[in-house]
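> Sequence:
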Amino acid sequence: MEKTGPQDHERVINIPVTRGTETRKLLIDRLENLVLVIIRQITSGQLPKIDNLCSDIVPGGVEFGVSDNGEDLSDETATCGKSHSGEIEEDGGINQGRCVVDFSHKRGKLKLALMMTVAAKAHKLLIAGEFQTKRSMFYELKGGLIGRFIDKQSTTDGIINNVARILLCNTWELGFVATAKGLVSGTLELTLQTGEILNCEAPGGVLIPQMSSHIMGIKSRASSIIVVEKDAVFQRLLEEDCTRKMKCILVTGKGYPDAATRAFVKMLIDHLEIPAYILVDADPHGIDIMCVYKYGSSSLSWEQEHLACPTIKWIGIYPSEVSKLRVQRMPLTDADVTKLRGLKRRSYLDEQLREELDFLWLGKAEIEGMAEISLCFLTSLYFPTKI
1 MEKTGPQDHE RVINIPVTRG TETRKLLIDR LENLVLVIIR QITSGQLPKI DNLCSDIVPG
61 GVEFGVSDNG EDLSDETATC GKSHSGEIEE DGGINQGRCV VDFSHKRGKL KLALMMTVAA
121 KAHKLLIAGE FQTKRSMFYE LKGGLIGRFI DKQSTTDGII NNVARILLCN TWELGFVATA
181 KGLVSGTLEL TLQTGEILNC EAPGGVLIPQ MSSHIMGIKS RASSIIVVEK DAVFQRLLEE
241 DCTRKMKCIL VTGKGYPDAA TRAFVKMLID HLEIPAYILV DADPHGIDIM CVYKYGSSSL
301 SWEQEHLACP TIKWIGIYPS EVSKLRVQRM PLTDADVTKL RGLKRRSYLD EQLREELDFL
361 WLGKAEIEGM AEISLCFLTS LYFPTKI
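Residue 72 in the UniProt record's numbering is what sits at position 72 of the sequence shown, and the numbering runs on without skipping anything.
Derived by calculation from the structure, the hints in this document are not laboratory data.
Just so you know, even glycine gets a beta-carbon here, dropped at the ideal spot from N, CA and C.
Any given hint could be a false lead.
What the hints assert, rightly or not - Dumping the calculated DSS-like pairs for lysine-lysine here, alpha-carbon to alpha-carbon at most 30 Å:
id, residue 1, residue 2
1, Lys245, Lys324
2, Lys152, Lys324
3, Lys245, Lys152
To be verified - Listed next, with one range per pair, are the computed distances between beta-carbon atoms:
id, residue 1, residue 2, range
4, Arg221, Ile39, 55 to 61 Å
5, Pro203, Val337, 35 to 41 Å
6, Glu140, Gly217, 22 to 28 Å
7, Ile146, Ile28, 42 to 48 Å
8, Thr385, Gln328, 19 to 25 Å
Build the full structure now, drawing on both the sequences and the hints.
Next up, the structure:
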């Protein structure tokens, strides 16, 4: 990584292309090994059972893109095939990150057909060096021979996740990407692999690139990154001229962030080496969204090395400051209570965050309520006291 310019001036960063061809070749080999293992098991009269630590699939157990922390980071429903009644066995002990798929269970034949269909598609994408959105893959499978067995996209996503876990890689390394929904705005210019220059100062913000690995260059004068939970708050801050006044890059994932948004925020933090902050609602779901950015989610727990942003700082709204700010509290819904109890059970939360969670029993508050205190309150008063 080459960087020019002092911290308070324009930074120009060139990001070298790494592991592209090599990674594709490794994954093509692993996919072919996976099919050979299954064929050998079937021809020998065994019911197929595959293990991501099997040396016949991954020689030497090389793991790239796998988190070294096997702890369940979220109480979200994991999409890694766990809905298939015991077909997935996970080892949280000495072999953290282990995943075993046993096709002898009920619906094993269907599971095998789905996984082999996805594996075959991944093989084609890797050979061609192309990408496909998960949404597009869902419709492709829905219109194919096994379409009657697929009723929702989460089924397809779960199978893609299973294949990635077995091969010890990230889903995007297989060629499957989520449709990006996040927005970015600020003094930021991105150079893409295609040579396209993406100017992020466009009114209303610009869509975050689907693949952060396709960003070859970054140019920015920003001194910080501010992530906000909602698009409405993002647009309000742009109206307040926040990116210029705070000299920041503004990002929103529009609620729970997709993998593209999280990978993009991490890429900015790692390469720009400037502080990052996050502003969310003072409610259980807002704090959960903050945790997804900072710690990761269980549904993509093995991809946290490329997604989690442990250095991002939560700056509000703190539940403990709602009364001081005279922001209206609203009662918790049943869904809020369930989410709050789930948050309280997480072992990785520090004492300060646990104390803030206790304040939520008094009620919740939204960022919009604070923004209505006065014109440009967030940009002129709140952010300067927090950053």
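> Confirm or reject each hint.
Verification of the hints:
1. Lys245 / Lys324: It holds: about 25 Å lies between the C-alpha atoms, which stays within 30 Å.
2. Lys152 / Lys324: violated (45 Å)
3. Lys245 / Lys152: violated (44 Å)
4. Arg221 / Ile39: 55 to 61 Å: Because 57 Å falls inside the window, the suggested range holds.
5. Pro203 / Val337: 35 to 41 Å: holds (40 Å)
6. Glu140 / Gly217: 22 to 28 Å: violated (33 Å)
7. Ile146 / Ile28: 42 to 48 Å: Violated - the Cβ-Cβ distance for Ile146 and Ile28, about 23 Å, lies outside 42 to 48 Å.
8. Thr385 / Gln328: 19 to 25 Å: The hint (19 to 25 Å, Cβ to Cβ) holds, given that Thr385 and Gln328 are roughly 21 Å apart.
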